[in-house]
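**Q** Put together the whole structure using the sequences plus the hints.
This is what each chain is made of:
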Amino acid sequence: MRESLIRQRAEQFLGMLRHCQMLGMQVHGADEQSLTLRLPYSENIIGNPETGGVHGGAITTLMDTTCGISTVCVLPEFEICPTLDLRIDYMRPAEPGRDVFGFAECYRVTPNVIFTRGVAYQDDPQQPIAHVVGAFMRMGKVVGSAGGAA
Amino acid sequence: MTPMDLNQLVRQAHEQNDYDPLIQLIPYARMIGIECLRLGDDLVFRLPANRDCIGNPTLPALHGGVIAGFMEHSAMLHLLIFMGIPHLPKIIDFSIDYLRAGHYRDTYAQCQVWRQGKRVANVAITAWQTNQTEPIATARAHFKVDEP
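Protein chains in written order, with this note's numbering: chain A, 1 to 150; chain B, 1 to 148.
I should point out that these hints are in silico values taken from the structure, not numbers from a laboratory.
Some chain B residues flagged as far from chain A (calculated, every beta-carbon gap over 10 Å):
#, residue
1, Q16
2, D42
3, K118
Cβ-Cβ distance ranges computed for the label pairs, FRET-style:
#, chain 1, residue 1, chain 2, residue 2, range
4, B, N131, A, P93, 34 to 40 Å
5, B, P48, A, I80, 23 to 29 Å
6, B, N122, A, Q26, 33 to 39 Å
7, A, L5, B, R51, 26 to 32 Å
8, A, Q21, B, D20, 23 to 29 Å
9, B, G84, A, R2, 54 to 60 Å
10, B, L59, A, P96, 31 to 37 Å
11, B, K144, A, L5, 39 to 45 Å
12, A, P40, B, E15, 35 to 41 Å
Interface residues of chain B toward chain A, partial, derived using beta-carbon atoms under 8 Å:
#, residue
13, P27
14, M31
15, C53
These numbers were taken from a predicted model, which means no experiment stands behind them.
Just so it is clear, CB atoms sit at the ideal spot from N, CA and C, and this is done for glycine as well.
**A** Structure representation (C-alpha cells):
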C-alpha cells in the first residue's frame, strides 16, 4: 500500500516539472528506501557531438530531480524541498544510445535538512557513471528560520 | 571534429565576435539556448528565459539542473575560448550551491579559472539574474584538459 502511494506521489511530483517532461523522464521504481528515475537517450542531451556522449548538464538534471523527489520516500506528507547543494563525481562517460537511470536515497532526515545520495548508471548500478550527494532544505511543515544547517 | 576544426572555430569566433557557431556545435547547449557575449576582455554567458527550462511551476522557477548544466557548459566554453585547448574539456566533477531561487527570467554566468595545469583545470562559476553581487548559484568544476 505504502509503496504504491510513494510511487504515485513521485509520479505526480515528476509530472509537475516541465523541463523533466520535455526530457521524457519517468519513474522507474519507488519504495520506502529509494527512488529510481529513467532519462531516455535523445539527440537533445548530447554533450559531445563526436562520441554522442550525454552532457553533464542532463546527468545533473536527472540527479537533482531524483535526489529531490526521493524525499517523498521518507516524508509522511508532501513537502517542498529546494536543493541546497549538489555534488557530482563522474566515474566514466555515459555510453551513447542508452537510457540513463538515476538512483537516490535519503540517508539522514532532520527537521530542516534532508541528506541524499545516489548514482547515475546505464546497465549496471554497480558500475555507475556518476556518484552524487545533495542536501535539500525542508520548507513544508517547519516553522521558523529557513537558513542554517541541520 | 578534429582539433584543427575546433581551433579554427574558436579563432573565427574571436575574429568575428560571434561565438554562436561554437555553441551550435553541442546539442545540449542548443536545446537550453545558451548565448555568449563578449564584454571587453571578459565573456558573459546568457541563458534566455525559456518555458521548457522551468522546474518549479508555482514560483515559477528554472529547474536547478538546467542552471547547473548552463554553468557547467559556460565553464567548458570559457576554457575552450580562453585557454587554447584544442579539444572539448571533459568534466571530472561538479559542485553547486543554490543561493536563491532562479526565477523565470534571463540568467547570466561568468567564469574564473583558478588553476590550469597540464591535465586538469579548476573553474569557478557564478550565476545571477538581477545583480551580479546577488548570485542565484555558485559552482566549481574540474575538467580534464589534456588529450582525450
